[in-house]
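There are 2 protein chains.
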Amino acid sequence: MNRNIKRMADFFAAGPCKLRPHFKAHKTPEIAKRQLAAGSCTGLTCATVFEAEVAASFCDDVLIANEVIGSDMTARVAGLAARGVNIKVAVDSPEGLEQIAAAASELGVEVGVLVDLNVGMPRCGVAPGEPAVDLARRVADTEGIRLRGAMGYEGHAVGIPDREQREAAARASMDSLLLTVQAIRNAGLPCDIVSAGGTGTYDITGRIPGITEIQAGSYVLKDTSYGKLDLPFEQAFWVLATVISRPSPVLCVADAGLKSCTEDHGNPAVRDIEGASILFLSDEHASIALPPESPVHVGDRIHLVPSHIDPTINLHDVFYAIDGDRIEPWPIAARGHGAAE
Amino acid sequence: MNRNIKRMADFFAAGPCKLRPHFKAHKTPEIAKRQLAAGSCTGLTCATVFEAEVAASFCDDVLIANEVIGSDMTARVAGLAARGVNIKVAVDSPEGLEQIAAAASELGVEVGVLVDLNVGMPRCGVAPGEPAVDLARRVADTEGIRLRGAMGYEGHAVGIPDREQREAAARASMDSLLLTVQAIRNAGLPCDIVSAGGTGTYDITGRIPGITEIQAGSYVLKDTSYGKLDLPFEQAFWVLATVISRPSPVLCVADAGLKSCTEDHGNPAVRDIEGASILFLSDEHASIALPPESPVHVGDRIHLVPSHIDPTINLHDVFYAIDGDRIEPWPIAARGHGAAE
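Protein chains in written order, with the numbering used here: chain D, 1 to 341; chain H, 1 to 341.
Just chain D, same shape as in the assembly (with noise of 0.2 angstroms):
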């Protein structure tokens, strides 16, 4: 983790474009600080105000990359401005724009906002072009927010394998984004930050002029997907397992299931069987076909390497960080809302 780390703040070094780490990765304050301290960033994402109110008490820069919906949530966004952080959310309607603004002015103060434009996934954004430059100027117009910039995540082109193909479906996006953030600026609003960018395309991204941060987060602790790809990370993370049963020649239970894993990017990998593969995930158990013979027990203990960092580690509440001999417990702070019950 700590190479995985320093790799992508050196990277990131030169400038001028820097990193924004990505908090809803693995929500973990301890984590997050050792990103922090490895220089090369502007401040964090995050995905969800509590993850926000989380990393809000050891940063002071915090773009939530996500629109905000709902008075209670908005006003929890407010009283961050109110603390003095430097908060910014992404907005993609007017109904959105209003709803900040109202919990912002409840208050009396600013916060900041970046529009958030679709650049090629079905998802969250504005169309890009005209109806984002309205809404631009519609934020600038709003009291009690300050437009920030524009962000364009291009999701669709993090996980593509082949290296060319993920270039130029990042490039196409970030022509869509820069284009309207050109449009913006034409009409004579600011535009300072422009957030972009995941693991899977930060050489990409973090390279093409006008991008000035990179919302990356799995590069981090890394997972089979992730494995799939030609970045210079690490894995870092594992669920072990203890096998439970071992009902035949070549078959074995492991007691980590659907409520330790996630499968929505495939089944996580086994990494201390040569040749074993998971069969399926049931709620508490693996099911894992072996090769005959191969030398496990009940009892063994075993590594799994998840497929998808972000919801595996959501499933879980505190980290066993490893270093040498000593081994840590790091809380998973920022999992769920945070409401008071």
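None of these hints come from the bench; they were simulated from the model. One thing to keep in mind: the hints can contain errors.
[As the list claims (entries may be wrong)] Okay, the calculated bits of chain D under chain H, using three or more residues with CB under 8 angstroms as the criterion:
{"#": "1", "region": "62 to 70"}
{"#": "2", "region": "90 to 100"}
{"#": "3", "region": "239 to 245"}
{"#": "4", "region": "291 to 301"}
[As the list claims (entries may be wrong)] Quick list of the computed label-pair ranges, beta carbon to beta carbon:
{"#": "5", "chain 1": "H", "residue 1": "Ala-321", "chain 2": "D", "residue 2": "Ser-248", "range": "38 to 46 angstroms"}
{"#": "6", "chain 1": "H", "residue 1": "Ala-187", "chain 2": "D", "residue 2": "Pro-295", "range": "31 to 39 angstroms"}
{"#": "7", "chain 1": "H", "residue 1": "Pro-291", "chain 2": "D", "residue 2": "Pro-232", "range": "39 to 47 angstroms"}
{"#": "8", "chain 1": "H", "residue 1": "Ala-168", "chain 2": "D", "residue 2": "Trp-330", "range": "45 to 53 angstroms"}
{"#": "9", "chain 1": "D", "residue 1": "Arg-137", "chain 2": "H", "residue 2": "Gly-227", "range": "43 to 51 angstroms"}
{"#": "10", "chain 1": "H", "residue 1": "Arg-207", "chain 2": "D", "residue 2": "Pro-291", "range": "39 to 47 angstroms"}
{"#": "11", "chain 1": "H", "residue 1": "Ala-321", "chain 2": "D", "residue 2": "Ala-82", "range": "29 to 37 angstroms"}
{"#": "12", "chain 1": "D", "residue 1": "Asp-323", "chain 2": "H", "residue 2": "Pro-209", "range": "55 to 63 angstroms"}
Ideal Cβ positions, reconstructed from N, Cα and C, are used throughout, including at glycine.
With chain D's structure known, arrange chain H on it following the hints.
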């Protein structure tokens, strides 16, 4: 939920087979207490030691229908016996038996054991017939351990949509289980408990003479997977989400993704929008395909219907239980492993 609980209790009221509701489905004491209070129950089924510890605070007859391996975990099982809980665990190997016996001896207590049989699903369980009888003999001869019976979970059968095929698969599994139970008894060994079944087979397996209890869990809240079967239970829980973006006429985005719902049994369904379906889940988003002109707006609250109850609930820390105008938070208290850091 109350109707589901009553229907299931009514089904088992006549006996001789009873219900042992599976706590793993919801991990929520407020729900389990209502299941027990409805009657027809032998106790609770659990999948983890921590579930058993939480269950033991309001139920004195607990089966861990799973192999318990590792001295930290077996010590906790023996600890439950020391507290006077009628605790039983599944065992499918001599190694597993030795481990639980060592923990029982350490505390000078007796732990109940069910021989866990593989009745068709590639997961835990000793092979039926002679291997199972051998293991039962070993269990009966082990100090600190009391042979209480056998179990065999027909997990490959419970989800088969076609009733006839489901019944055939369940009956074949139970033939295998009951023949072995007979062989264990013929060997002069006790076998009082014969535990099997799930929500999909409760009225098949639960009517086969010789089966003494059914380990059903999902019936209490249901999901879209069990919704495909001909079961008399009603959907009783949803994930409440907020529409945070309406980027195009045919797309909206809600703030519930892979960290709020699982997709191991397929994407959740969308309850409140006619013709809507989830395109994909990402970490914090559901991208939802809409029929054009759907009256969906930023800020709308929508209900997602989970496809798989157990791992979905495991993502959350609390239920909001709705009874008319009353809303009560019910902690999902047995999530995780409860180990001290």
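Hint by hint, here is what the structure shows:
| no. | hint | in the structure |
| --- | --- | --- |
| 1 | 62 to 70 | holds (count 5) |
| 2 | 90 to 100 | holds (count 5) |
| 3 | 239 to 245 | holds (count 4) |
| 4 | 291 to 301 | holds (count 3) |
| 5 | H:Ala-321 - D:Ser-248: 38 to 46 angstroms | holds (43 angstroms) |
| 6 | H:Ala-187 - D:Pro-295: 31 to 39 angstroms | holds (32 angstroms) |
| 7 | H:Pro-291 - D:Pro-232: 39 to 47 angstroms | holds (45 angstroms) |
| 8 | H:Ala-168 - D:Trp-330: 45 to 53 angstroms | holds (50 angstroms) |
| 9 | D:Arg-137 - H:Gly-227: 43 to 51 angstroms | holds (47 angstroms) |
| 10 | H:Arg-207 - D:Pro-291: 39 to 47 angstroms | holds (42 angstroms) |
| 11 | H:Ala-321 - D:Ala-82: 29 to 37 angstroms | holds (34 angstroms) |
| 12 | D:Asp-323 - H:Pro-209: 55 to 63 angstroms | holds (59 angstroms) |
The structure agrees with every numbered hint stated previously.
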